[in-house]
Amino acid sequence: MRRQSLVKVLFVLPCVFAFTMVILVPFFYGLFFSMTNWNGVSETTKFVGFLHFGKVFTQPAFIHAFLASAAYTAINVTLVNAAGFALALVVTGNLRFRNFYRAGFFAPYLIGGIVLGYIWQFLFNSAIPALGKALSIEALQVSFLSRADSVIWAMSFVNTWQYAGYIMLIFIAAIQAIPASLMEAAKVDGAGYFRRVFHILMPMMANAFTISLFLTLTTSFKQFDMNFTLTNGGPATRFLDQPVMASQLLAMDIFNTAKANRMAEAQAKAVVLFVALVAVSLAQVSINKKKEVEQ
Amino acid sequence: MRRCIATFLILSLGLAAAVMAAPAKPATITMFQLKVEIKDALDAYAAKYGAANPGVTVKVETLGGGADFAGALKAKIQAGQMPDIFVIEGAGQYNVFKDYIADLSDQPWVKDTDLAFKANGKVYGFPVAIEGYGLAYNADILKKAGVDPASLTTRAAYETAFAAIDAKKKDLGLDAVVSMAASVSGGMWWVAGQHNLAAYWGGGLKFDDTSVIQKALKGQLDDARFAQYAKYVQLLFKYADKNILLNGSYDNQVSSFAQGKTAFLHQGNWVDPNLKQLGVAFKIGYAPHAFLDVEQKGLYLFAPSWYCVNPKSPNAAAAKAFLAAMAGTAEGHDYMVNQAGMIPAFKSVKLQPKGQLSQALMAANAKGGNYGVFFGMLPDGAGQNVFGPIYDLFAQNPAKIDQFISDMKKAVAGLPSM
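Quick mapping for you: the protein sequence lines, in order, are chains A and B. Just so you know, we're using our numbering here: the first sequence kicks off at 24 and counts up by one. Just so you know, we're using our numbering here: the second sequence kicks off at 683 and counts up by one.
No lab work stands behind these hints: they were computed from the structure. Each hint should be verified, as a subset may be incorrect.
Said to hold, decoys possible - Straight-line Cα separation of at most 27 Å, BS3-like style, residue types lysine-lysine; simulated pairs:
1) Lys78/A to Lys1091/B
2) Lys897/B to Lys78/A
3) Lys851/B to Lys156/A
4) Lys282/A to Lys1092/B
5) Lys756/B to Lys78/A
6) Lys851/B to Lys282/A
7) Lys69/A to Lys756/B
8) Lys69/A to Lys758/B
9) Lys900/B to Lys78/A
10) Lys900/B to Lys282/A
11) Lys943/B to Lys851/B
12) Lys994/B to Lys69/A
13) Lys282/A to Lys717/B
14) Lys69/A to Lys780/B
15) Lys156/A to Lys920/B
16) Lys282/A to Lys780/B
17) Lys282/A to Lys1091/B
18) Lys852/B to Lys156/A
19) Lys850/B to Lys156/A
20) Lys282/A to Lys897/B
Claimed, not checked - Between beta-carbon pairs, the in silico distance windows are:
21) Thr241/A to Ser1099/B: 50 to 56 Å
22) Ala909/B to Gly155/A: 33 to 39 Å
23) Ala306/A to Ser1099/B: 33 to 39 Å
24) Ile310/A to Ala909/B: 52 to 58 Å
25) Ala734/B to Ile137/A: 40 to 46 Å
26) Asp750/B to Ile310/A: 38 to 44 Å
27) Gly762/B to Phe120/A: 37 to 43 Å
28) Ser1099/B to Leu305/A: 34 to 40 Å
In this text, a Cβ means the ideal position worked out from N, Cα and C, and glycines have one as well.
Can you make the complete structure from the sequences, with help from the hints?
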């Protein structure tokens, strides 16, 4: 018996070791640094308490980044899940070449965020305005990325294009796990297609919604790579009477703060991001969990 | 398995023997630098230097082209792999890395240059090159439009010239008069928020007169001077190609000028290799950024970066010797000018660079009367995070000049607390 538990401990050890070294230690180290004046190099650091936390919430740029992240997340969660669900319905239906469509819808997910950002930047900045000129459509001639009011939507559109296929896969798996007899029985009882989707399919796959909402929520809130390559935070806009970057999300704001040698302040911002993310995602999961049906 | 162990033992014995057999004072100088465009030339020069100095090996690592060099350098410090020679780009980085920067005041090249990095009266950095800029012009287009580039020495002269060229845009095959990028989204905030703004910090003053930026670092803007500068920015934005201005990249900006679709280019001499690559055959020159009501004739010259030596390294002496050889020997001069295509910051160098803009700068440097570039004295991040969005917003709507002035006044007032 004792021997067996030793074996268990030995098996778990590498994982625990790696988790401790790359997640736990840096996390608490970071928490500590957020309360110092460390600049990334200096050997003498001073403890400053919650100074940075108070400071960041007086910066219009940071508040804007926070609100922009929240808006982006709200738009994104809705769009990605709606599109993913619609695609899942299409490719689980009676359709020729449906495996081909599944693969096709999933393919954008395989392209990395960096590459994808540059491709869509070209489309938005060069291809669409050129099209607008050729067809003399005024609205298309100025890039969507250089308008402060449309840039978040453009980013959400690109993210949906990339991520909907992945969420679709989760939904497909959930739909296939629902017994066909249920749907057939409803059909025999005279329920129309949309009635069956809303009253049987969706409640039965509530656990899939829990997962996919959680995934889209967290990835949107932490979005960095596509933000960096597609818009680089631009264009500028006015917020609280100060010029700020219209599409600079939280992660990029943290990155730019760190790049300006304000490591401790950046770390404080990262802690704020962490707390916000944990709070929102815990709330989301607990609400969703209540709606799941025991099978 | 046993054979594996045997091989391993033999290998490690061999290694040990090799280490013991090496000459008494081997030095491997590690160098970490950020100019991607000179990587090949520098690698070749380092190999040549190693061959000429037995026992010395120079290993060059390059990271640049928009990568976060200072961040990588910090990571190296944390990992205990601080290079012997590395690059700083200004006072902000000097303050961050000063524990790792040696005093170079006693080096032989110090009296041969005006652009060494100095702090508290001591020399800490070896100037990598001279870079500089004015408003580059396409001489052929200006000739056809009947504009004499030598007349462009006041803002009023620019106003007339821009209007004249703009009126003949169709005949000259131009999209717009000026190719300038200022957008955050295109990653070009530095053209406006660093290089153009440098005209306000140093333009029309003596080469080493930092009074205007010193005042700004205390939070004050010179209103009368800034009002003239703002009108110049407005003029540039008004005649700039809108697509390039609002979301163009470096490539968009440079290629528009290279293809003859714009008459002026707001870039420094570092575009020479790009223009060569794009097959530019027309004649190019530099006109001054003349933003004042009075005449201004100088160009803006500066050392954008400096090599520093890590005094904590056992190879510090060898690293200093490597830099001294670069500044003081014929091979070093050949590397800087002919191989790397740079303008050396050392007066004893007699070679001429090949690029048209570099030649224009060298001529201006010889003539004198140029202006210093002081944005390196600003706190880190001021250019990108503070001034960048202000210029981006002004570019979106150049009519709002009062807003631009009040935004800048507020931003400068915030500099002391950054």
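Consistency of the hints with the structure:
1. A hinted pair counts as satisfied when its Cα atoms are at most 27 Å apart, and Lys78/A with Lys1091/B qualifies at roughly 21 Å.
2. Annotation: proposed proximity of Lys897/B to Lys78/A holds, straight-line Cα distance about 25 Å (limit 27 Å).
3. Using a Cα cut-off of 27 Å, the hinted pair Lys851/B and Lys156/A holds, with the two alpha carbons roughly 19 Å apart.
4. Proximity of Lys282/A to Lys1092/B is assessed by CA-CA distance (about 23 Å); at most 27 Å being required, the pair is judged to hold.
5. With a C-alpha separation of about 25 Å, the suggested pair Lys756/B and Lys78/A falls inside the 27 Å cut-off, and the hint holds.
6. Between Lys851/B and Lys282/A the CA atoms are separated by roughly 42 Å; this puts the pair beyond 27 Å, and the hint is violated.
7. Pair hint Lys69/A plus Lys756/B holds up; C-alpha atoms about 19 Å apart against a cutoff of 27 Å.
8. Between Lys69/A and Lys758/B the alpha-carbon distance is near 22 Å, which keeps this suggested pair within the 27 Å criterion.
9. Of the supplied pair hints, the one linking Lys900/B and Lys78/A holds, its CA atoms being roughly 21 Å apart against a limit of 27 Å.
10. Between Lys900/B and Lys282/A the alpha-carbon distance is near 23 Å, which keeps this suggested pair within the 27 Å criterion.
11. As the CA atoms of Lys943/B and Lys851/B are separated by approximately 9 Å, the hinted pair is consistent with the 27 Å bound.
12. Taken as a hint, the Lys994/B and Lys69/A pair is honoured in the structure, with Cα atoms around 24 Å apart against an allowance of 27 Å.
13. Our distance criterion of 27 Å between C-alpha atoms is met by Lys282/A and Lys717/B, whose separation comes to about 18 Å.
14. Among the hinted pairs, Lys69/A with Lys780/B is consistent with the structure: their alpha-carbon atoms are about 18 Å apart, no more than 27 Å.
15. With a CA separation close to 21 Å, the supplied pair Lys156/A and Lys920/B stays within the 27 Å bound.
16. Among the hinted pairs, Lys282/A with Lys780/B is consistent with the structure: their alpha-carbon atoms are about 17 Å apart, no more than 27 Å.
17. For the given pair, Lys282/A sits about 24 Å from Lys1091/B by alpha-carbon distance, which is consistent with the 27 Å threshold.
18. Distance restraint check for Lys852/B and Lys156/A: the Cα-Cα separation of roughly 18 Å lies within the 27 Å cut-off, and the hinted pair is therefore satisfied.
19. Distance hint between Lys850/B and Lys156/A is fulfilled; the C-alpha atoms sit about 22 Å from each other, no more than 27 Å.
20. A C-alpha spacing of about 25 Å is found between Lys282/A and Lys897/B, which places the hinted pair at or below 27 Å, so the restraint holds.
21. Evaluation of the 50 to 56 Å hint for Thr241/A and Ser1099/B yields a failure: the beta carbon distance comes to about 35 Å.
22. Distance hint check: the CB atoms of Ala909/B and Gly155/A are about 38 Å apart, consistent with the given range 33 to 39 Å.
23. For the pair Ala306/A and Ser1099/B, the supplied restraint of 33 to 39 Å holds, since their beta-carbon distance comes to about 36 Å.
24. Checked against the hint of 52 to 58 Å, the pair Ile310/A and Ala909/B passes, with Cβ atoms roughly 57 Å apart.
25. Between Ala734/B and Ile137/A the Cβ separation comes to about 42 Å, which falls inside the hinted range of 40 to 46 Å.
26. Evaluation of the 38 to 44 Å hint for Asp750/B and Ile310/A yields a pass: the beta carbon distance comes to about 39 Å.
27. Separation of Gly762/B from Phe120/A is about 57 Å and departs from the stated range, judged on CB atoms against 37 to 43 Å.
28. For Ser1099/B and Leu305/A, the hinted distance range of 34 to 40 Å is satisfied, since their beta carbons lie about 36 Å from each other.
The structure fails to meet hints 6, 21 and 27 from the earlier list, while all remaining hints are met.
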